[in-house]
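Trainee: The chain contents come next:
Number of protein chains: 2
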Amino acid sequence: MAKTYSIADCPVAKTLDLIGERWTILLLRDLLLHGPRRFQDFQDSLTGVAPNTLSARLKSLEDNALVRRQLYNERPPRLEYVLTEKGKSLGPIVRSLRDWGVKHLSDKPTQRK
Amino acid sequence: MAKTYSIADCPVAKTLDLIGERWTILLLRDLLLHGPRRFQDFQDSLTGVAPNTLSARLKSLEDNALVRRQLYNERPPRLEYVLTEKGKSLGPIVRSLRDWGVKHLSDKPTQRK
Numbered sequence: 000m001a002k003t004y005s006i007a008d009c010p011v012a013k014t015l016d017l018i019g020e021r022w023t024i025l026l027l028r029d030l031l032l033h034g035p036r037r038f039q040d041f042q043d044s045l046t047g048v049a050p051n052t053l054s055a056r057l058k059s060l061e062d063n064a065l066v067r068r069q070l071y072n073e074r075p076p077r078l079e080y081v082l083t084e085k086g087k088s089l090g091p092i093v094r095s096l097r098d099w100g101v102k103h104l105s106d107k108p109t110q111r112k
Numbered sequence: 000m001a002k003t004y005s006i007a008d009c010p011v012a013k014t015l016d017l018i019g020e021r022w023t024i025l026l027l028r029d030l031l032l033h034g035p036r037r038f039q040d041f042q043d044s045l046t047g048v049a050p051n052t053l054s055a056r057l058k059s060l061e062d063n064a065l066v067r068r069q070l071y072n073e074r075p076p077r078l079e080y081v082l083t084e085k086g087k088s089l090g091p092i093v094r095s096l097r098d099w100g101v102k103h104l105s106d107k108p109t110q111r112k
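So the protein sequences, as listed, match chains P and V. Mapping of the first sequence onto numbering that gives the first Met the number 0: residues 0 to 112, in sequence order. Mapping of the second sequence onto numbering that gives the first Met the number 0: residues 0 to 112, in sequence order.
Keep in mind the hints are simulated off the structure, nothing from the lab. One should not assume that every hint holds.
[To be verified] In silico EDC-like cross-links for lysine to aspartate or glutamate, where the CA-CA straight-line distance does not exceed 20 Å:
id	chain 1	residue 1	chain 2	residue 2
1	V	Lys87	P	Asp98
2	P	Lys102	V	Glu73
3	P	Lys102	V	Glu79
[Stated by the list, open to error] Reference listing, derived: stretches of chain P covered by chain V, where coverage requires no fewer than 3 residues with Cβ under 8 Å from a Cβ of chain V:
id	region
4	21–30
5	66–77
[Unchecked claim] Coverage of chain V stretches by chain P, computed from C-beta distances (three or more under 8 Å per stretch; other residues unrestricted):
id	region
6	15–21
7	24–33
8	68–79
For glycine and all other residues, C-beta sits at the position ideal for the given N, C-alpha and C.
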């Protein structure tokens, strides 16, 4: 029988545990595409996400050192979410998901005849 | 304001709709690593997956033309799940998840002091 990883040891499974949730990877996509983002920016971009879900996902990304919060002493104070170096290193994963989608799921729902 | 994809149009989101579920991507991992697999092989490899969940995920992969079933006329007949060309093209996504996990999540639960 071919060698196989157990779920607990598998690096694919462990990576998914961190970022596999749908909103989480879309938050990462926004940060990779646009750079630092405010809470409101995410709400504008991710149609349908509940604010408490968004907060929980950002907290989880912070807890895993993928995102940090940056406070600017302006009036009013401005809070932004910024990718850490570890967070930026997720770029190839998000790009591979995008590239595949562009190539294989090209039926655009907004396209007209 | 920076240009952004709506969720419906975003190729990252559309790819995740197809393969973002945890067991689904682990099934793909097994098929990419080991080639054709029987139902029982998945059950042995994916500790904790319920048989009806496994059936549903395999059906979804078939419906999306990522996996096909191959029946061998042996005694007893042997049924295997095989990646299609479209399914094989998911290789870079699974590899990017694995590479990141190997690099950033290297704390091995079985490692001793």
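Trainee: Decide, hint by hint, whether the structure agrees.
Mentor: Here's how the hints hold up against the structure:
Using a Cα cut-off of 20 Å, the hinted pair Lys87(V) and Asp98(P) holds, with the two alpha carbons roughly 14 Å apart. Annotation: proposed proximity of Lys102(P) to Glu73(V) is violated, straight-line Cα distance about 38 Å (limit 20 Å). Under the criterion of a C-alpha separation no larger than 20 Å, the hint pairing Lys102(P) with Glu79(V) is inconsistent with the structure, at around 27 Å. Under the rule that three or more residues need a Cβ within less than 8 Å of chain V, the assignment of the region 21–30 of chain P holds, with 5 such residues.
With 0 residues bearing a CB less than 8 Å from a CB of chain V, the region 66–77 of chain P misses the requirement of three and the coverage assertion fails. Counting residues of the region 15–21 of chain V whose CB lies closer than 8 Å to any CB of chain P gives 4, which reaches the minimum of 3, so the coverage claim holds. Remark: the region 24–33 of chain V is confirmed as covered by chain P, as 6 of its residues place a Cβ nearer than 8 Å to a Cβ of that chain, reaching the required three. Judged by the Cβ-Cβ criterion of 8 Å, the region 68–79 of chain V is not covered by chain P as claimed, because only 0 of its residues qualify and three are needed.
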